[in-house]
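Student: Chains as they are written, first to last, in UniProt numbering: chain H, 1 to 283; chain P, 1 to 268; chain Z, 1 to 292.
Hints in this document: simulated from the structure, not taken from any laboratory. Ideal Cβ positions, reconstructed from N, Cα and C, are used throughout, including at glycine. It is possible that part of the hints are untrue.
If you anchor each label on the Cβ, the simulated ranges turn out as follows [said to hold, decoys possible]:
hint	chain 1	residue 1	chain 2	residue 2	range
1	Z	Glu69	P	His20	25 to 35 angstroms
2	H	Ala32	P	Pro91	50 to 60 angstroms
3	Z	Pro54	H	Phe188	51 to 61 angstroms
4	Z	Asp55	H	Pro129	33 to 43 angstroms
Straight-line Cα separation of at most 25 angstroms, DMTMM-like style, residue types lysine to aspartate or glutamate; simulated pairs [claimed, not checked]:
hint	chain 1	residue 1	chain 2	residue 2
5	P	Lys73	P	Asp127
6	Z	Lys255	P	Glu197
7	Z	Lys47	H	Asp40
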Amino acid sequence: MADGRAAAKRPINPRLWLSGGWLLILVVAALAAPLLAPQDPLAQDLFASRLPPMWQGGSEPGFPLGTDSLGRDVLSRVLYGARIALLVALVAGSCTCALGAVLGLIAGYYRGWADVVISRLIEIWMAFPPVLFAILLIAVMGTGLTSIIVAIVVIDWTRFARVIRAEAMTQGAMDYVASAKVAGRGRFGIMIREILPNVLPTIVVLLTLEMGIAVIVEAILSFVNLSISTDDPTWGSMIAEGRAAIHHSWWVLVVPLITLFLTVLSFSQLGEGLKDHFDPVLR
Amino acid sequence: MSEMLFEIRDLRLSFADLAHKPLFGAAPRIEVLKGLNFDIPRGDVIGIVGGSGSGKSTLGRAMVRLLDVDSGKIRFEGTDISQMDEVALRPLRRRIQMIFQDPMSSLNPRHRVATLIAGPLHLHGFDQITERVDFALSQVGLPLTFRNRYPHELSGGQRQRVGIARAIATEPEFILADEVVSGLDVSSQAQVLNLLEKLVSDMGLTLGFISHDLSVVRRLCKTTLVLHQGEIVEQASTQALFDAPQAQYTRDLLDAIPLPEVTPGWLD
Amino acid sequence: MSFLELKNLNARVGPLPILRDVSLQVAPGEVRALVGESGAGKSMIGKAILGTLPDAIRITGGEILLEGEDLQAMSPKARRRLIGAKVALIPQDPLTALNPARRVGPQICDRLVDILGWGRREAEARVIELLHEVHIPAPERVMRAYPHELSGGMRQRILIASAFAAEPQLIIADEPTTALDVTVQKQILRLIRDMQARHGTALLFVTHDLGVVSKLCQSMTVLFGGKVLEDTSVDQFFSAPDHAYSAALLAATPKYTDPGGSLMPVPEATIHAVEAEIAAHDLAHQIETVRQ
Ligand SMILES: Nc1ncnc2c1ncn2[C@@H]1O[C@H](COP(=O)(O)OP(=O)(O)OP(=O)(O)O)[C@@H](O)[C@H]1O
Ligand SMILES: Nc1ncnc2c1ncn2[C@@H]1O[C@H](COP(=O)(O)OP(=O)(O)OP(=O)(O)O)[C@@H](O)[C@H]1O
Ligand SMILES: [Mg+2]
Ligand SMILES: [Mg+2]
Chain H
1 MADGRAAAKR PINPRLWLSG GWLLILVVAA LAAPLLAPQD PLAQDLFASR
51 LPPMWQGGSE PGFPLGTDSL GRDVLSRVLY GARIALLVAL VAGSCTCALG
101 AVLGLIAGYY RGWADVVISR LIEIWMAFPP VLFAILLIAV MGTGLTSIIV
151 AIVVIDWTRF ARVIRAEAMT QGAMDYVASA KVAGRGRFGI MIREILPNVL
201 PTIVVLLTLE MGIAVIVEAI LSFVNLSIST DDPTWGSMIA EGRAAIHHSW
251 WVLVVPLITL FLTVLSFSQL GEGLKDHFDP VLR
Chain P
1 MSEMLFEIRD LRLSFADLAH KPLFGAAPRI EVLKGLNFDI PRGDVIGIVG
51 GSGSGKSTLG RAMVRLLDVD SGKIRFEGTD ISQMDEVALR PLRRRIQMIF
101 QDPMSSLNPR HRVATLIAGP LHLHGFDQIT ERVDFALSQV GLPLTFRNRY
151 PHELSGGQRQ RVGIARAIAT EPEFILADEV VSGLDVSSQA QVLNLLEKLV
201 SDMGLTLGFI SHDLSVVRRL CKTTLVLHQG EIVEQASTQA LFDAPQAQYT
251 RDLLDAIPLP EVTPGWLD
Chain Z
1 MSFLELKNLN ARVGPLPILR DVSLQVAPGE VRALVGESGA GKSMIGKAIL
51 GTLPDAIRIT GGEILLEGED LQAMSPKARR RLIGAKVALI PQDPLTALNP
101 ARRVGPQICD RLVDILGWGR REAEARVIEL LHEVHIPAPE RVMRAYPHEL
151 SGGMRQRILI ASAFAAEPQL IIADEPTTAL DVTVQKQILR LIRDMQARHG
201 TALLFVTHDL GVVSKLCQSM TVLFGGKVLE DTSVDQFFSA PDHAYSAALL
251 AATPKYTDPG GSLMPVPEAT IHAVEAEIAA HDLAHQIETV RQ
């Protein structure tokens with residue numbers, strides 16, 4: 001019961017460290033890709049094709065993770081791929097979150113006709129099969145980064161809206177909301193000052209989850225060649241190319257795959273870790 | 001200025017019965033308050049007792065205008081507040097406060113004690129907020145070191161004191177306390193009751209005290225109002241009510257109180 | 001043999017003891033009260049039995065025996081199954097025990113369907129029947145209501161009904177009547193007593209209401225700071241409490257028959273004495289641990 005308890009510093013949990021660490025490395029790598037990449041990611045060199053990574057015999061300096069069948073440097077391509085992956089994660093994640101969370105919060109707390117309209121919209125929206133939706137969008141807008149981002153936002157905002165709406169409803173029924181009202185706080189003030197801090201952890205978890213999803217979606221769309229041009233180094237297209245070369249040069253597949261896996265895992269772990277870290281009830 | 005702080009006239013309130021809502025059209029209404037009339041003089045401590053679901057909390061929430069009434073008047077210092085909108089009510093909010101039954105859910109878990117108490121002060125444009133928060137804490141007998149705690153770091157009795165501190169911080173004239181001691185153990189309960197008693201006499205508060213515990217009401221309240229299924233079945237000075245209960249329902253209530261002594265066959 | 005037995009149960013959060021060598025027994029069909037002030041650890045004992053302690057709290061010693069079987073030695077799955085079949089809980093807080101975003105009916109049927117494998121219809125019929133028994137006027141309406149549409153008392157009665165639904169052999173009732181008015185409380189107490197007498201259900205009744213204890217229970221355990229201060233029969237407690245703290249608790253209980261009587265919170269001196277007793281116990285415990 002020491003009074004220092006409230007002020008006591010919380011230890012940062014390992015999952016926050018690990019996932020945050022990996023993502024930080026990735027962000028730095030993406031930003032500094034032109035400086036860090038040993039080669040031009042697009043430069044082909046047929047004399048240097050299928051070079052193994054450096055810890056295997058027959059490797060060459062300047063190609064630490066080997067090259068693919070066209071002689072492009074795998075490390076450089078993964079680094080440049082991180083730029084695209086993180087851009088999609090950031091933009092698509094935050095746009096989805098902003099749209100879904102605002103609508104969910106309004107529907108859940110204000111209720112009434114706003115809720116009726118938003119809930120109907122969600123229901124109708126979710127009646128469309130998402131894959132069809134995505135293909136339709138890309139057919140209309142053409143392939144490219146923008147249409148991927150738009151597709152993710154348009155498909156996934158309902159997930160946010162539904163969860164946040166339910167959460168806001170739950171919180172709205174609590175007595176602390178009534179007590180803020182008795183204190184004279186207006187509706188908007190209550191939503192921002194009382195409800196929002198209590199749904200924020202959920203928003204954070206969903207946001208990081210969404211970023212992970214965005215990375216996967218981008219990879220899948222590049223994998224099936226619906227993303228940006230094949231020349232651009234994306235993890236998805238690297239995986240697609242590596243799949244064909246799995247028998248003689250496994251690293252072309254494995255390096256982007258592991259990077260993708262770690263990144264998606266880190267996003268989901270980061271969300272859980274942050275939620276726990278900022279929860280005053282847990283220490 | 002009227003001598004009566006509150007005058008309630010023919011107060012009616014109903015809720016939509018959503019469970020019986022027909023597919024089309026409006027849901028039927030359930031009447032919860034069926035035309036209540038009573039006055040609360042300034043400085044009174046009025047006990048509102050009654051069975052579960054009798055409408056005590058609904059009445060309380062209507063009086064502090066957390067709920068909209070169907071019809072009837074709620075006059076506060078002579079002014080009818082029953083139809084006022086939120087904006088018109090705002091200046092009155094400082095003067096009418098409420099303490100909730102469940103201190104855990106009525107204190108926002110993400111705010112610290114100081115923020116919780118300061119909230120209403122900020123809203124009503126008070127100055128010297130830090131001093132006022134400290135003063136409120138000292139009034140309810142909590143150490144100032146509690147300013148930085150979160151609600152979950154307090155015991156039930158301490159949380160309830162924070163709720164009380166927040167309610168008295170704006171120096172209201174009326175406080176409605178809805179079952180504020182029913183979740184507390186006897187020792188904390190005795191402390192909170194003694195505290196409320198002291199605040200009433202020191203600050204000249206008028207207190208509405210909702211409770212189902214008649215032993216507690218007897219101890220604290222000057223007058224008592226018995227509610228049964230949305231109607232007032234008896235209203236009298238507490239002394240008279242306990243000495244000679246008039247309504248059958250009041251007698252049933254008194255008979256059902258389990259006194260702390262062994263009485264074989266009491267349950268039969 | 002007792003149905004439930006705790007032997008020298010110790011639990012801590014970090015270095016801080018929450019339960020200190022708690023021993024208690026509940027025989028089949030016995031109604032035992034567990035009393036103590038807020039924070040004494042009453043709910044923690046219930047949670048330790050049910051295996052739902054918060055992560056922060058660790059059991060550091062002792063045994064929890066259900067029909068002679070050590071629960072802590074079982075696999076989590078076997079334990080859940082045993083508990084699900086034999087023990088039920090009436091939780092303390094009717095506000096948080098029900099999900100505010102779901103209708104009441106499906107919520108309470110879920111337990112019967114998921115854990116005990118009942119059919120949905122069967123579960124619903126049983127629950128409606130029990131809602132009648134706990135004097136809920138229109139059970140069908142209530143089943144379709146959301147928790148916030150019900151008064152605190154109704155919510156509590158719903159939780160009581162749902163605990164009895166599966167006919168368990170032990171019910172842990174964590175302050176089940178605090179939100180009820182006295183007339184309903186009396187009905188519920190009678191109901192609980194009748195049901196437990198009919199089915200031979202044992203009851204561990206957690207409360208701080210000595211009035212209720214005196215009417216319902218046969219034996220009682222007084223807890224303070226996670227330590228058992230007194231383990232006695234109800235008759236003995238109300239006629240001549242053994243421990244000074246017990247006597248103080250009795251004096252802090254308001255009685256409407258005695259309005260002039262001053263309400264004494266448990267005096268500081270008594271608290272200090274009990275705290276000293278606990279400190280001495282902790283020291284002895286430490287010495288014991290070091291010796292081993
Ligand atoms: N929001 C609501 N929607 C529909 N019905 C409601 C709502 N709030 C309360 N009721 C109903 O109004 C009646 C009175 O409820 P109220 O909470 O005022 O009772 P109470 O006297 O405070 O009871 P308790 O002692 O159990 O708290 C109950 O029948 C309840 O079901
Ligand atoms: N999650 C937790 N982490 C750390 N300590 C806890 C936690 N939950 C409870 N405690 C502590 O454990 C002790 C026992 O709590 P418990 O809930 O059993 O009290 P109780 O006797 O049931 O009280 P009440 O009458 O208020 O319900 C208290 O001191 C409390 O502060
Ligand atoms: Mg109520
Ligand atoms: Mg408890």
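Student: Broken hints, numbered, in rising order?
Tutor: 1, 3, 5 and 7
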